[in-house]
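Visitor: Spelled out from the first residue to the last, the chains are:
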Amino acid sequence: MNNIQDYVSALELLKPHICLAITILIVSVWNLFFPAAKRFTPFICLAGLGLAAVQLLPQFLIAPIALFGSGPYGLYTVDNLSVAFGLVVCGVGAIVVLMTMGLEHQFGENRGEFYTLLLIAVLSVMFLAGTTDLIMLFVALETLSLSCVLLTGLTKRDRKSNEASLKYLLSTAAVTATLLYGLSFVYGLTGSTNYYIIHEKLVQYTAIEPKLIIYFMTVLILSAVGFKLSAVPFHMWTPDVYEGAPTPVTAFLSIGSKAGGFVVAMRLLSFVFGSAYAEWGVIVAVLAMASMIVGNLVALSQTSLKRMLAYSSIAQVGYMLIGIVALPKDGMPALMFYIIVYAFMNLGAFAGAILFANETGSDNINDLAGLMRKRPLLAIGLSICLVNLAGLPIPPAGFLAKVFIFWSGVQLQSPIGWALVAVALVTSVPAIYYYCRPVIKMVVREPSEKVLALPAERVDQVDSQLWPALALAFCVIGIIFGSTMVSQFMEVSSKAVGPMTTPPKLGALPGPFAN
Amino acid sequence: MLENSGVLFSTAPMIVLAPFLVGAIIILFARFNKTLSMALSVGAVTYGFFHSLLLLNALRQEPHLGPWQTNIDWFVSSSFKLSMGVLVDNLAAVMLIVVCTVSLLVQIYTHGYMREDPGYSRFYAYLSLFTGSMLGLVVSTNLFEMYFFWELVGVCSYFLIGFWWFKPTAAAACLKAFVINRIGDFGFLVGILMFLGATSGFWQGHSILTFVDPQSSFDLTNAIKWAAEHGTLTTASLSVIAIIMFMGPMAKSAQAPLHVWLPDAMEGPTPISALIHAATMVAAGVYLVARAYPIWLTVDGSTQSVALAVVAWVGGFTAFMAATIALSQNDIKRALAWSTVSQLGYMFVGLGVGAYASGMFHLFNHAFFKAMLFLCSGAVIHGLHGEQDMRQMGGLFKKMPITAWCFLIGTISISGVPGFSGFFSKDAIIDKAMHFNIGPLAGLIGPLMLFTAFLTAFYMFRMFFMTFTGEYRGKAHPHESPLAMTAPLMVLAVPSILSGYLGVNPQALLGALSGHAQALPDVFTAFLHQSFLYMGAEPEFEVPNLLGMGISTVVAFSGIALAFMVYTRGLGINTWVKQTLPQVYQFSLNKWYFDELYMGVLQKIILPVYTAVWTLVDKVLIDGVVDGTSIATVGTGEVLKYTENGRGQSYAMVIFACVAGLALIFYFFPRG
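Sequence lines, in order, name chains A and Y.
What the first sequence shows, in our numbering, is residues 1 to 515, in sequence order.
What the second sequence shows, in our numbering, is residues 516 to 1187, in sequence order.
Fair warning: there could be bad hints in the mix.
As a list, the in silico DSSO-like pairs of lysine-lysine whose alpha-carbon atoms are at most 30 Å apart [stated by the list, open to error]:
| hint | chain 1 | residue 1 | chain 2 | residue 2 |
| --- | --- | --- | --- | --- |
| 1 | Y | Lys-990 | Y | Lys-914 |
| 2 | Y | Lys-549 | A | Lys-374 |
| 3 | Y | Lys-682 | A | Lys-450 |
| 4 | A | Lys-374 | Y | Lys-691 |
| 5 | Y | Lys-740 | A | Lys-329 |
| 6 | A | Lys-450 | Y | Lys-691 |
| 7 | A | Lys-374 | Y | Lys-682 |
| 8 | A | Lys-329 | A | Lys-505 |
| 9 | A | Lys-374 | A | Lys-495 |
| 10 | Y | Lys-691 | Y | Lys-1119 |
| 11 | A | Lys-201 | A | Lys-505 |
In short, the hints are calculated from the structure, not lab data.
Keep in mind that this is a model prediction, so the values were computed, not measured.
Here chain A stands alone, though its shape is the one from the complex:
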């Protein structure tokens, strides 16, 4: 056994997670013990997330260290990728918390539970980000899924919410089955649950010739990843769940839990199944194309802002998957950049939708008409997010994200790459239309009845709208930073997805299977 100092220094790497876990514990009992101080719950969450992020920051760029070792490898790895995704998801969590702060009445007595579950989901994504073992992967993924299911159904009195939650649960169960089936194949083939061992064994195995079992295994695992990402054809749950869930939860699902899906995909596909690229590359490409086509075409006919964003997030996943297919050609940094920028623009759009819904009770796109005349700042902020989602260069963060990822597809110089980019370009035309329709409505249309009924803007008074507005402002600032400091963002992105192939040094924290 190592000495105690090593043990402590290894344990210190888990400080962010511990911070968050303690916050979860506090938040879960806070309402019970201090019912009078209910309104502080979100602030505790923000503090916990902030603290976790602060602890995460210095871990960026340290040499990768594996924890919970069993044999030469660990269950969990602290490396750039896990830190980067940890930071992303902490940021997402914080913005989502801000969004909920005008909306707490929706959760009634369940306020504490809501924040507890949200933080659990954030924590599980953090664990997913560093997972280097199938067991750990499964546990973290299930934690994420179940907390998301509960979040979806949190507005108990709302029938849509209940039904969405049930549907989500049932389809999650189905996907859990396929995932486990797939994992059991992996274990059967390689005799290990550790990423590094599986990787080595698979290199030998795929060198022989393609086998049905490889396809089957990758498809089974892709189904679980695709489900988390809501990629077509594993997207059926998305519209119902996004529609039924409370809007902040939808916002979290659209990027928080997707980030989890992406980090799993990055690690599994690029590294563990790296040698089977020929097999899964085509499959992912097909998922990507199907997602782009279906997502964009269906989003085209939506009249509800929330539903439009939900369907369009399917399409956006299609674009992001190009980065995974283009893995041999700088696809990963482009994908990472896209995820960061997408987090800002998508959350901003949701924050705008929430701000509007809080005041008017509507999320119909037609009701947005003329908003510029009553709430210019909200209209401008929401417009910036939507225009960036559409990929127009004003300001160019969203545009550059698209260009980088399409460019990585072009660089593949293969029929798959061409097809992907062609589909992406063509489908981005309807995307521009449906994203910009609300913008045009807000700016040039005559105000709708709902907008006309809005009271004049009060600048002297701090109200419940302040916090979601802060979330929107934060996202817009993020977009502006993403547009101006592209080089820096891209550098961080490339560092984050840096080589995963070298096994990390083993930390002194023993795992459950340690001898």
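Once you've looked at the hints, dock chain Y against the given chain A.
Guide: Chain Y in isolation, oriented as in the chain A frame:
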């Protein structure tokens, strides 16, 4: 006096930044103070005007100073370096002058025109932002940067078209402009990416897609050379890229078939029509083609390329079509808009037949006289309290003499009467078009342009006579506009007469008249050619073609004479056409039925197909599994089937089926 040229150039970015800054200040702080908003906005562009003038002068006196550029690295990676910067060369300097002059005068005019509008300050903020974006577009150092500003001017344009949002037609026009420009910009972007794809190996470590860079020679010309040597680009593939990229200019500069948005854009306030939709933004397409001219050439830099032929034909067709439409329009602003479309067509013909200097020269001249014509029409509309129908005008010459004289000067100039600016540039284009020789019908384009010149003279004087001569037919009490509005008109009248003389060498002209024909350089072409040095060390100056000029003159005067006979002497050709050839008249009046065609295609083909496909997909694949109901009910609202049972099981079933299906398909599918 040029010791300071270093400072002069290094502060050039301020020309672009000042209007942006002012626009932001007005929006954030000054929007409640009208005078301050106006003063800031006018001040920024006045500064830009004088700075541009100094730059132009410096470049003229010391040609070796240009092209000058400065770049900030915006994004750098191993394979990719994206820069934002400012490029000042002769071509850009000419455009800077055009944009600053027109913007300055339009902003002064706006003070008179929008004085009572509640959105006065907001209007100035938009004007400043637009001016900044347009100047940014002009000084862009590379295609990507130009694309950003290209989008930005587009956005400003939509805002300004929809400025009077309470007019439903304005909102519709805004949407139309947006949709059409999206189609064009899509092509533009795809073209950029394709070009980048073909030349990606060339730019290693250098700013990608730089227009010109004689120092390091990492620019478009050399990129094309490199790509041709490395086999990644042939003349054919370059032409394909150029044609796809040309969709951008087609939409922005309103060329058929993407021209339909510009006449509708006249729903915006008239100063906007003058600034954006006549003089500057719509010329951006022409400027792009001139700026990135190597892309439109063959790989070895010759003008014998298919892409240029396409440019010429699109321009030629548009010029002719728009002229025939302008014949029958009764709205004074829309008639002018069609004439803009037609004149832009001339510019593209100029670029397309290889006469890049003539094309740019026409842009230069057109900007002044067309801005003036629009401002005159604004003065008329202002004087008639919003009346735009020319049938309700007439006899305004006495009521508003300054406006009428200015309008007359503009009309003479655009009609191509010798001695006025429009004559020189248009004649140069027609002259070159006559020698166009690419493609089977190449010989047609010159005569077509000549005939269009005749139509131009006719419809422009039709407008003049209908508006200013005869008896007043309306009910308002016309009055002359305030000085803030008439002064810009009078200022613009000067270049409308004189700017043409920059493009001819008087000695060559006199020589030709006295029988000693010789080719002598003219100021404009010689100056502009510094930006086209890849075309050869010296531009080809031509001997003045007296015969061509004579024919042009005859054509212009016959058009004017015909208009005079019809609209002041009551020669009934117009009513005769209306009665005996109603189809022809309706065809022109209804703008060749382009709008009907597009709406028909959209409503009769695209939407039904979309609905049908999705109903099918819904029924066959998704129904009972996925909630796809909204898809099939396009436009009728959503119906959520939340009450149906058994969805959960089918979800699971679909997931399992997809997994099995995907695995099997890919197993049996041969590997790529």
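Visitor: Are the hints correct? Go through all of them and say.
Guide: Here is how each hint holds up against the structure:
{"no.": "1", "hint": "Y:Lys-990 - Y:Lys-914", "result": "holds (14 Å)"}
{"no.": "2", "hint": "Y:Lys-549 - A:Lys-374", "result": "holds (21 Å)"}
{"no.": "3", "hint": "Y:Lys-682 - A:Lys-450", "result": "holds (20 Å)"}
{"no.": "4", "hint": "A:Lys-374 - Y:Lys-691", "result": "holds (25 Å)"}
{"no.": "5", "hint": "Y:Lys-740 - A:Lys-329", "result": "holds (26 Å)"}
{"no.": "6", "hint": "A:Lys-450 - Y:Lys-691", "result": "holds (25 Å)"}
{"no.": "7", "hint": "A:Lys-374 - Y:Lys-682", "result": "holds (18 Å)"}
{"no.": "8", "hint": "A:Lys-329 - A:Lys-505", "result": "holds (27 Å)"}
{"no.": "9", "hint": "A:Lys-374 - A:Lys-495", "result": "violated (44 Å)"}
{"no.": "10", "hint": "Y:Lys-691 - Y:Lys-1119", "result": "holds (18 Å)"}
{"no.": "11", "hint": "A:Lys-201 - A:Lys-505", "result": "holds (20 Å)"}
The structure shown violates just one earlier hint, number 9.
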